[in-house]
Amino acid sequence: MVLFCIHVLCTVQERELLINHIVHNGGLYKRPFNEAFEETPMLVAVLTYVGYGVLTLFGYLRDFMRQWKIEKCQNATEREEQKDFVPLYQDFENFYNRNLYMRIRDSWNRPICSVPGAKVDMMERVSHDYNWTFTYTGRVIKDIINMGSYNYLGFAQKTGACQEAAAKVLSQYGAGVCSTRQEMGNLDKHEELEKLVARFLGVESAMAYGMGFATNSMNIPALVGKGCLILSDELNHASLVLGARLSGATIRIFKHNIISGADMQSLEKLLKDAIVHGQPRTRRPWKKILILVEGIYSMEGSIVRLPEVIALKKKYKSYLYLDEAHSIGALGPSGRGVVDYFGLNPEDVDVMMGTFTKSFGAAGGYIGGKKELIDYLRTYSHSAAYATSMSPPVVEQIITSVKCIMGEDGTTIGRARVQQLAENTRYFRRRLKEMGFIIYGNEDSPVVPLMLYMPAKIGAFGREMLKRNIGVVVVGFPATPIIESRARFCLSAAHTKEMLDTALKEINEVGDLLQLKYSRRRLVPLLDRPFDETTYEETED
Amino acid sequence: MDVKSTPSYLYWLFCQFELITCSYLMEPWEKVLFYSFNLAMLGLLLYTTYVCLAFHASSAFQLLCSFLENPRENALSVVK
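So the protein sequences, as listed, match chains A and B. Anchor point for the first sequence: position 522 equals 522 in the numbering used here, and the numbering is continuous, going up by one each time. Here the numbering used here runs 541 ahead of the position in the second sequence, where the first position is 1.
These are calculated hints, taken from the structure and not from any lab test. In this text, all values refer to a predicted model and were calculated from it rather than measured experimentally. Among these hints, one or two may not hold up.
[To be verified] Straight-line alpha carbon distances no greater than 25 Å define the calculated DSS-like cross-link-like pairs of lysine-lysine that follow:
#1 K69/A to K83/A
#2 K433/A to K403/A
#3 K572/B to K370/A
#4 K226/A to K314/A
#5 K288/A to K168/A
#6 K72/A to K572/B
#7 K195/A to K226/A
#8 K572/B to K69/A
#9 K30/A to K69/A
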């Protein structure tokens with residue numbers, strides 16, 4: 001009867017299906033911007049809460065049993081002497097950890113034992129006490145299709161030009177640098193890398209750091225301080241949030257990707273209020289206004305509305321910090337990120353930040369911008385002063401992969417990979433939507449979140465996909481809102497069409513098995529773009 | 542999994558119930574506790590339905606019979 005209700009009673013309205021059309025005179029967008037976040041079906045939301053309610057009740061029961069020593073307590077607790085002090089483990093996060101996360105913990109922290117390319121080997125592990133401890137059986141599961149690694153352009157390889165160059169540099173320079181950038185850790189390789197990255201991005205100068213998270217969290221405090229205003233998107237990454245909080249500036253949040261319009265919490269409204277009212281008590285003008293946005297938001301798969309942000313930034317004379325962690329290399333006709341995707345001028349973005357972890361198969365981050373800015377950061381950034389600089393083989397991997405993408409190594413491999421990624425993205429997203437899953441995000445983003453909603457389905461999806469030899473990443477609370485748990489697929493240029501077809505077949509099967517096809521919008525197959533009543537209004541090319 | 546045949550379809554329905562109420566994640570003794578609670582509630586519901594329905598059905602049947610046997614008298618009494 002419940003299933004009958006699922007098929008009949010749920011009413012779903014599209015929250016937003018925005019297609020900005022090609023406007024001929026003075027339009028901001030040069031191509032259609034298709035982004036959709038289908039609303040949660042009411043019945044699914046109710047059943048998800050029911051599931052969480054049942055688990056919460058059982059959580060209380062288990063906590064009661066642990067406290068009264070009926071059951072052995074295997075998680076961290078205070079010592080006997082500390083029981084009268086302020087309790088350490090009673091907040092919701094720890095309750096969730098003990099009672100909900102532990103039950104499905106086997107879907108995370110899976111150890112892999114090969115290069116994380118399109119296929120990966122994983123070590124098999126079992127748990128005899130319901131995920132409190134794991135033991136390895138010794139077997140290695142080979143050739144699992146890897147839909148979880150951030151390997152957008154397929155540069156995570158153990159053979160090829162990048163690997164050979166990195167091996168050569170390893171034999172020349174060794175692996176360790178043993179110093180910070182400002183002391184003795186500034187190698188000629190770093191200078192070469194920075195000039196190359198600046199040329200790749202189209203900016204005056206760039207600086208590279210050893211860790212992507214540290215690039216954000218250590219450089220935002222160097223750029224803004226007290227008396228400045230930070231306007232940050234509500235779904236920004238933890239590194240941006242940490243950097244903003246460390247800086248001591250006032251932080252105001254605007255709703256995700258709502259840039260202009262009549263919404264009370266859009267970026268434009270916040271900017272207007274900031275300029276008109278100034279600082280809270282003294283009404284003095286703000287020293288600096290910095291807007292923090294990301295290129296691709298990895299949990300939603302959405303792309304920032306960059307043309308509108310830049311238009312607003314110029315109108316209200318504020319600064320823009322663009323975090324292209326997931327979008328560099330993955331978007332744009334030549335792989336140069338979200339600025340290239342929209343066809344804008346890189347000099348309009350004041351601080352272009354990105355990471356080398358995702359599309360370049362290495363580790364680290366960079367910041368690009370004007371020469372004065374980067375020279376300032378070389379002196380005043382915490383990361384430059386205290387963090388060890390990048391390891392030489394990693395630097396060489398980045399140099400080789402950037403040259404490959406730009407086409408300067410004499411081959412067309414880079415260009416082919418960028419195009420293959422775009423094709424894979426469109427194909428995969430279209431097929432999943434046709435099957436009837438709820439997929440969030442922009443049509444062109446290689447990050448594909450598939451909504452699961454119910455807590456038991458998070459664990460079930462991860463386990464069933466692994467049984468069918470496909471490795472996926474499932475995400476729940478606290479990375480997402482509590483009822484909107486999802487499985488996140490990261491597509492790669494290294495995935496061939498056969499691999500994608502196999503993966504799609506298995507996802508279809510698991511979707512039927514677990515009843516994951518919640519979408520009420522049925523796409524007409526064979527059309528290249530979502531069929532909607534507004535399609536008729538689109539202008540002819 | 543052959544969804545067409547009735548036993549496996551029932552098993553599939555049971556799996557959906559397990560997934561929605563998260564008993565898929567529970568340890569065996571928790572499942573026993575949960576299912577026995579559910580069955581007890583279901584049994585109570587059925588018993589109450591049976592008793593209530595039987596009472597209402599029998600009283601409605603009696604009213605209907607009295608209408609059929611003495612139509613005129615009852616009509617006069619209703620008008621007054």
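Structure-based check of all given hints:
1. K69/A to K83/A: Measuring from Cα to Cα gives roughly 15 Å; hence the hint holds.
2. K433/A to K403/A: violated (36 Å)
3. K572/B to K370/A: violated (62 Å)
4. K226/A to K314/A: holds (23 Å)
5. K288/A to K168/A: violated (46 Å)
6. K72/A to K572/B: holds (19 Å)
7. K195/A to K226/A: violated (33 Å)
8. K572/B to K69/A: holds (21 Å)
9. K30/A to K69/A: violated (66 Å)
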